[in-house]
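Chemist: Here's the letter readout for the chains.
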Amino acid sequence: MGNRPSYPGTPRWVKVSGIIAIVLVVLVVIMLLTGHGPGRHTSSVDAGSQVVFSGVVDEHSPAEVRRG
Amino acid sequence: MIMAPRLRKFSLAAHIALSVGWIGAVAGYIALDVAAATSRNAKTLRACYLAMELIAWYVIVPLALASLLTGLVMSLGTKWGLFRHYWVLISLLLTIIATVVLLVETQTISYFATIAADPATSSDDLQSLGSTLVHSVGGTVVLCVILVLNVYKPRGMTRYGWRKQHVRKPGPGHKEEL
Chain L
0 MGNRPSYPGT
10 PRWVKVSGII
20 AIVLVVLVVI
30 MLLTGHGPGR
40 HTSSVDAGSQ
50 VVFSGVVDEH
60 SPAEVRRG
Chain C
0 MIMAPRLRKF
10 SLAAHIALSV
20 GWIGAVAGYI
30 ALDVAAATSR
40 NAKTLRACYL
50 AMELIAWYVI
60 VPLALASLLT
70 GLVMSLGTKW
80 GLFRHYWVLI
90 SLLLTIIATV
100 VLLVETQTIS
110 YFATIAADPA
120 TSSDDLQSLG
130 STLVHSVGGT
140 VVLCVILVLN
150 VYKPRGMTRY
160 GWRKQHVRKP
170 GPGHKEEL
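Chains as they are written, first to last, in numbering that gives the first Met the number 0: chain L, 0 to 67; chain C, 0 to 177.
In short, the hints are calculated from the structure, not lab data.
Any given hint might turn out to be false.
Unchecked claim - Cross-link-like lysine-lysine pairs, in silico, DSBU-like; alpha carbons within 30 Å at most:
no., chain 1, residue 1, chain 2, residue 2
1, L, K14, C, K163
2, C, K152, C, K163
3, L, K14, C, K78
Isolated chain C, as found in the complex (with noise of 0.2 Å):
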């Protein structure tokens, strides 16, 4: 089903603004992770750990799950459809991957928070935490391979996608959609 030029674009809108945002707050995240790494202060781990929790449970999580679900609007609302472009298809499973390790790794750093507002949990223990900086820069990097994917949209179409173009021609005013 083709979405309406007014519905698209108010999606594709919604979609970027939500994916870009997605990005920008795991950056913010990676700057408490890397501060979390190297801080020696008690004080500084503590504060990073509570405020990577409240960034990846409350802004983090719901962008990448908004991201995937504007995506898949997006795709099965134009004609690039979900599974006819090696593009849209590779997104579609890097977000998916994302999204997952993402919700895995929030166990983790639920637990680092639960020590961390521990006031028994000693300045020695809390340095034995550790960071979660492997997975945050390392989905941002995939986030990055996405955005580079959906810009530049390579060619390229799966054996379903050729199917089902040649099995239905377009006629002559059709255009781009994105």
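Same shape as in the complex, but just chain L (with noise of 0.2 Å):
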């Protein structure tokens, strides 16, 4: 009694992709900060536009879209 095994560790598998994960999170922070971020509109549609426009948004819910 008492004599509880003890923990085997992080299995090599999570390991791995906890580095992978990271790698990504790192990559996408980089694109994010360089401007290569995803988004079309974002460049082309300048970004203030995009916040009035959200406003609009707001005001219509999905079914008053749909008589567009």
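With the hints as a guide, bring both chains together as one complex.
Modeler: Okay, structure coming up:
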């Protein structure tokens, strides 16, 4: 009694997945910081107008959009 | 609290249907997304953006939330637990991340749809909107990773799970549940 086996440690697949995830996150952050992030709309339509349109979006439920 | 076998099977069936349905709904969304990214026809673009919004809000978001909920029920209602095995924990984290990104992305989709619904929006403006392909394809990859984790259930207990397992030894009638 009281002879509990010691924890075998984190499996290798978790460590490898963690490293891949960290690399991916770093890549995405670098892309966002250098202006190569996703979303063509952010470059072609200026950010200011998107904020204005977002205000309009709040007033339009999806059901209302359907009539368009 | 471990669920009774009948309830567990019903919950599992619901969880599989909702999760696979989520992947299928995103696949349908991607078809529209590709059309929005490549088409130069104003009518096609309008139709795509409006349909994308409807699919996102009325199919993908409900399926994502329901899948997350049934996943929580499945893990808490079976011996797997929520924090005991790495594959469950990682699946949970990925599902939460995918759902949060989806909810943020629906704002962009609604923005596109609002502009597309405006008859005054020109064809050039519609083309300049672009697509959400990076997110939809990236989301599909994440969902497939979760699917693989759930099917293969790779070995590996967390420190918490290890401690819990060795506090209470399973009896001789202990069986795999999933």
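Chemist: Determine for every hint whether it applies to the structure shown.
Modeler: Now the hints, each set against the structure:
Of the pairs offered as hints, the one joining L/K14 and C/K163 holds, with about 22 Å between alpha carbons and a cut-off of 30 Å not exceeded. Only pairs whose Cα atoms come within 30 Å are accepted, and C/K152 paired with C/K163 is accepted, the gap being roughly 19 Å. At most 30 Å may separate the alpha-carbon atoms for a hinted pair to count; L/K14 and C/K78 meet this at roughly 24 Å.
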